[in-house]
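Please put together the full structure from these sequences, using the hints given.
Letter by letter, the chains look like this.
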Amino acid sequence: AQRVTQPEKLLSVFKGAPVELKCNYSYSGSPELFWYVQYSRQRLQLLLRHISRESIKGFTADLNKGETSFHLKKPFAQEEDSAMYYCALRFYNQGGKLIFGQGTELSVKP
Amino acid sequence: DAGVIQSPRHEVTEMGQEVTLRCKPISGHNSLFWYRQTMMRGLELLIYFNNNVPIDDSGMPEDRFSAKMPNASFSTLKIQPSEPRDSAVYFCASSLNGGMNTEAFFGQGTRLTVV
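Chains as they are written, first to last, in the numbering used here: chain A, 1 to 110; chain B, 1 to 115.
Hints listed in this document are in silico derivations from the structure and should not be mistaken for laboratory results. Since the structure is predicted, the reported quantities are computational estimates derived from the model, not experimental observations. We put the beta carbon where it would ideally sit given N, CA and C, even for glycine. Where hints are given, some of them may not hold.
As the list claims (entries may be wrong) - With beta-carbon atoms standing in for the labels, derived distance ranges: (1) Pro70/B - Phe14/A: 49 to 57 Å; (2) Asn93/A - Phe74/B: 24 to 32 Å; (3) Glu20/A - Phe74/B: 24 to 32 Å; (4) Pro54/B - Phe14/A: 26 to 34 Å.
Said to hold, decoys possible - Derived coverage of chain B by chain A (criterion: at least 3 residues anywhere in the stretch with Cβ under 8 Å from a Cβ of chain A; other residues may be distant): (5) 10-17; (6) 49-62; (7) 72-84; (8) 107-113.
The following block contains the structure:
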């Protein structure tokens, strides 16, 4: 089955603490993985994609095919990082079908 | 471009009524997705279109739900009859399919409340 799993509904940390939002996927083909973010009262927007291997707003994510994971990390959380984070899997050979995990709400406390 | 435009932003309706949600994708995009967002299930893919053709509607919960894309610049999601459990935020997204790792752009969503 094609599936994206985010095991944590809510992650609460203090400002300056490291953050790791977990994402696991189930797909036998070559995955295209993304992280999207939804700030309060705003629309979902792309945060980063695995192919870019870049750091956006201090966040990075590494694709681990052996563990079928794509965890999102940031060494020092900021209050403005508080938002809903969604891991997404795109299927290039299925017409670009795009599915999401259940989402993790990140709360960064002062 | 104003991005993906959804209307209405909020809809409150009585159980049993028909509800129609509307979406205008970004000009030039050829893929369109409808999602439902709830606390329990997160973002569920309901249906998606490529070049106005429905590709996968396996996520549509029941026959009460239907979606159309009569042209490249407009899509509707209809619920008839509506039920309280349909209450959720419905998102439309569009992308330019044809390449790898392409980004999807989301509308602001329609918050549906069925009473």
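message = Output the indices of the hints that this structure fails to meet, ascending.
response = Per hint list: 3, 4, 5, 7 violated.
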